[in-house]
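**Q** Each chain, written out:
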Amino acid sequence: MNPNKKRLRRSMMFLNAQKPGLIKDPYIYKPDSIILDLEDAVAMKEKDAARYSLFHALREIDYHGVERVVRINGLDTEFWVEDVRCAVAGGADAIRVPKVERASDIKMVENAIISCENEFGVEPGRTLIMAALESARGVLAAMEICESSERLFGIALSGGDYTKDLQTVISGTGIEMMGARQHMIIAARATGVQCFDTVFTNLDDMEGFRKDVETIHTMGFDGKSIVNPRQIPIVHEIYTPKPKDIIFAQKVVKEIEEKSAQGIGVFTVDGKMIDIAFYDGAKRTLELAKASGVYKEGEL
Amino acid sequence: MINAVGRDIPEEILEITGKEVFQGNFYKDGVEFAEAGPVTRPVMNNHHNKLVKDIHEALVKCNAHDGMTVSFHHHFREGDLIVCMVMEEIHKMGLKDITICASSLGKAHDALVPMIEDGTITNIESSGVRGKIGEAISTGKLKGLATMRSHGGRVRAITTGESKIDIAFIGAPTCDDYGNCRGIGGKADCGVLSYAVVDSNQAHYCVAITDCLVPFPNFPAHIPMTKIDYVCVVDEIGVPSKIATGAAKPTTDQRKLLMAQYCTDVVVNTPWFKDGFSYQTGVGGASIASTIYLAEIMRERNIKMGFGVGGLTKAMCQLLEDGMARVLLDTQDFDLDAVRSLKNPNHHRIAAGLYANPMNKGAVVNKLDYVVLASLEVDIHFNCNVVVGSDGMITGAQGGHPDTAQGAKCTIVICPLLQGRIPAICTDVTTVTTPGESIDVVVTDYGVAVNPARQDILEALKAADCVPLKTIEELRDIAYGIVGEPERVQFGERVVGIIEARDGTIMDVVREIKPFEFRESIN
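Sequences listed follow chains A and B, in order. For the numbering used here, add 4 to where a residue sits in the first sequence, where the first one is 1. For the numbering used here, add 119 to where a residue sits in the second sequence, where the first one is 1.
Pulled out of the complex, with its shape left as it was, chain A reads as follows (with noise of 0.2 Å):
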């Protein structure tokens, strides 16, 4: 499996690949993934350009360790297949397909990719997909898609064409995306595939935006989309273990740890009953702890 499949995605930051002022350095505001679009943020009498700065850039510029994912035209329009071959010939660590509906177009990208992994002498499955869901079928088509490409990392909702789907609009309260975002997560977990929310674009707001944040880590989301790099520190803190979270997930570790050792199954820890099914639990928000930068293996 690729190393990078389960990386770190709290943050996904999506930028115009035309536009070079914002490409040129996203990493100094330390997002975790940065999405360079060649969707809809480029006009159509410009895909060609902005796949040549887009190349350029996954040539020249260092960029610190963040993931660079390229978000590909829609598989219903001429510029997809291109829009591959450069991001793979560029050295993008991942392609999210939009407006997937079903797991075989995941298979037809993933083709894709491999030929120009080929062509270009590009390491075979170093190139990951993602997927965003922009429709009823395909939310509802979350468990195939998921399952579709052992390139697969995650899905992401797209909360504005998949609203429209549903004949609805962005209320701002979460309402109309409840059963999306449920059925996703469920999917996504039940595959061992990430989840990712939707962005929220309305940047005045940002109470509002932390509100949605809380919400989707509540919901067990692995992170956002976001539009404006503002929104980034919110993201990280609301997804940063407190510590009094690593304290307690150390001590469960340590407590399973000995206690199975001495064959002893059902214990409590700070007052709390606690099993080996707290265990992994525990483990995650100690990588997580360890990945936000807030903790080193043995600190207590």
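Honestly, the hints are just simulated from the structure, not real lab data. You may find that some hints are simply not true.
[Unchecked claim] Subject to a maximum C-alpha distance of 27 Å in a straight line, what follows is the list of computed DSS-like cross-link-like pairs (lysine-lysine):
id : chain 1 : residue 1 : chain 2 : residue 2
1  : B       : Lys251    : B       : Lys211
2  : A       : Lys103    : A       : Lys23
3  : B       : Lys462    : B       : Lys361
4  : A       : Lys300    : B       : Lys581
5  : A       : Lys28     : B       : Lys589
6  : B       : Lys215    : B       : Lys180
7  : B       : Lys633    : B       : Lys589
8  : B       : Lys180    : A       : Lys300
9  : A       : Lys9      : A       : Lys246
10 : B       : Lys260    : B       : Lys215
11 : A       : Lys34     : B       : Lys589
12 : B       : Lys581    : A       : Lys34
13 : A       : Lys246    : B       : Lys581
14 : A       : Lys51     : A       : Lys28
15 : A       : Lys10     : A       : Lys28
16 : A       : Lys294    : B       : Lys589
17 : B       : Lys211    : B       : Lys260
18 : A       : Lys10     : A       : Lys168
19 : A       : Lys49     : A       : Lys28
20 : A       : Lys111    : A       : Lys23
21 : B       : Lys486    : B       : Lys462
22 : B       : Lys251    : A       : Lys294
23 : A       : Lys294    : A       : Lys258
24 : A       : Lys276    : A       : Lys287
Starting from the structure of chain A, add chain B where the hints point.
**A** For chain B alone, kept in the frame of chain A given last:
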């Protein structure tokens, strides 16, 4: 002759100006000199009428003549109407070879360009120039020299007699018929008249121009009647919306917020951040955001600012209002909140000389712990350029930059690594306006560099592990790595302006720009 910041100052410029080259910040520390004084005329007759009917009459009564120097203040900022009003009258009178000695000039004064071209104005002394006057100077249209000096340097030049003002024109938001001027009230409320105080003390003639004549006595006067020869009432002296530009909305630009955060981290992790510390900052988005971040930490740690200085904004005045700053010392108001704040008894007006004149017995800037500044360019020697654009065009002003940078214990310059496609951190600045020896910390969006001369600050920041520390050379290399190393701007031979150091020595010269020639065409 090469000066202390490595700039070659042509001998002919030293001859024409009678100046020395810059020899370091403390070259004139403690040097004795005699201050100059004005020619003056007592008024004993109690029937004497200071009111004149228009600017023309004022000019005639003040003996306006070819080759004279007229002075102006810039408290009305981009809303100033005084400079153009007076110069148009001088132009109509056909006077030539005028030197303008202004505390600053901006886009409000674009109308002076034809007067530069026809020889009405032949020399300019200012903190800097923006807009079309900058272009006119840089393209060689000014027959004499443009002298760019800091706010403190201007007071020094006038009080030492190096700049002799024949007529000072003082725009006064309110004034009475005997010349008591106040910066506050009226239609063109600018709060303070700090830059004009030295003009009123040293000019041979002093004319107050107001659009709000008030009954005698207009007290307490910021410039008193004892300094004023004539009072002229006109319809309008300034455009209010362009004077105090209103409370700026806090920036939402994450890049600026990032730099503001780094800046605050530097301040709170260096030894002077303790109860009673002193602080000055500018009006840029990052500077204001930094003040707001700083206020949060001051509250958390219960640290109060002893005094804040400067051109003031809402963010600083809010500290006073909230009891987080004990005293504000004010030389200029950038927004209406700052003007309103003057009602607070601990918000004091100070004259530019008290603020920053290097040749008095100690200016306020010497008592600063921190100053947060901006810069167009910073080089690997920490020299700053705040006057000449990277395209070679004069486009900015020194203001109090060199004064506060020298005075403060910890001088922080906030500067994005790249200005569009131009690397702002570079090997050599286009023009040196503030010497590197005054600059302690450079904050960029890519990291923070500390002047190696300030190991104390470097050690404090290393110990705190609060900001990404880089060397200035590393920052330069990152910038060049992204946008490449630019070709040097190509200048002509003629020197069109000099950058004066605070003490009157020459920091650098500005040459005429010429159209860029590609190497192929040169070879």
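**Q** For each hint, tell me whether it holds in the structure or not.
**A** Right, here's what the structure says about each hint:
For a cut-off of 27 Å, the pair hint linking lysine 251(B) to lysine 211(B) stands: about 21 Å separates their Cα positions. Using a Cα cut-off of 27 Å, the hinted pair lysine 103(A) and lysine 23(A) holds, with the two alpha carbons roughly 24 Å apart. As the CA atoms of lysine 462(B) and lysine 361(B) are separated by approximately 22 Å, the hinted pair is consistent with the 27 Å bound. For the proposed pair lysine 300(A) and lysine 581(B), the alpha carbon gap of about 20 Å is at most 27 Å, so the pair holds.
Between lysine 28(A) and lysine 589(B) the alpha-carbon distance is near 19 Å, which keeps this suggested pair within the 27 Å criterion. With a C-alpha separation of about 18 Å, the suggested pairing of lysine 215(B) with lysine 180(B) holds against the 27 Å cut-off. For a cut-off of 27 Å, the pair hint linking lysine 633(B) to lysine 589(B) is broken: about 36 Å separates their Cα positions. Between the alpha carbons of lysine 180(B) and lysine 300(A) the distance comes to roughly 80 Å, so the proposed pair goes past 27 Å and is violated.
Distance check on the hinted pair: lysine 9(A) and lysine 246(A) sit about 25 Å apart at the alpha-carbon level, within 27 Å; holds. A C-alpha spacing of about 15 Å is found between lysine 260(B) and lysine 215(B), which places the hinted pair at or below 27 Å, so the restraint holds. This hinted pair checks out: lysine 34(A) and lysine 589(B) have alpha carbons roughly 17 Å apart, not beyond 27 Å. Between lysine 581(B) and lysine 34(A) the alpha-carbon distance is near 21 Å, which keeps this suggested pair within the 27 Å criterion.
Simply put, lysine 246(A) and lysine 581(B) have alpha-carbon atoms about 25 Å apart, close enough for the 27 Å limit, and the pair holds. Between lysine 51(A) and lysine 28(A) the CA atoms are separated by roughly 19 Å; this keeps the pair inside 27 Å, and the hint holds. Using a Cα cut-off of 27 Å, the hinted pair lysine 10(A) and lysine 28(A) holds, with the two alpha carbons roughly 26 Å apart. For the hint pairing lysine 294(A) with lysine 589(B), the CA-to-CA distance comes to about 24 Å; that is within 27 Å, so the pair holds.
Taking the CA atoms of lysine 211(B) and lysine 260(B), the gap is about 20 Å. The hint holds against a cut of 27 Å. Taking the CA atoms of lysine 10(A) and lysine 168(A), the gap is near 31 Å; set against the 27 Å cutoff, the hint is violated. As the CA atoms of lysine 49(A) and lysine 28(A) are separated by approximately 23 Å, the hinted pair is consistent with the 27 Å bound. Between the alpha carbons of lysine 111(A) and lysine 23(A) the distance comes to roughly 30 Å, so the proposed pair goes past 27 Å and is violated.
At roughly 24 Å between alpha-carbon atoms, lysine 486(B) and lysine 462(B) fall within 27 Å of each other, so this suggested pair holds. With a C-alpha separation of about 56 Å, the suggested pair lysine 251(B) and lysine 294(A) falls outside the 27 Å cut-off, and the hint is violated. Proximity of lysine 294(A) to lysine 258(A) is assessed by CA-CA distance (about 17 Å); at most 27 Å being required, the pair is judged to hold. Restraint check for lysine 276(A) and lysine 287(A): the C-alpha separation of about 17 Å stays at or below 27 Å, so the hint holds.
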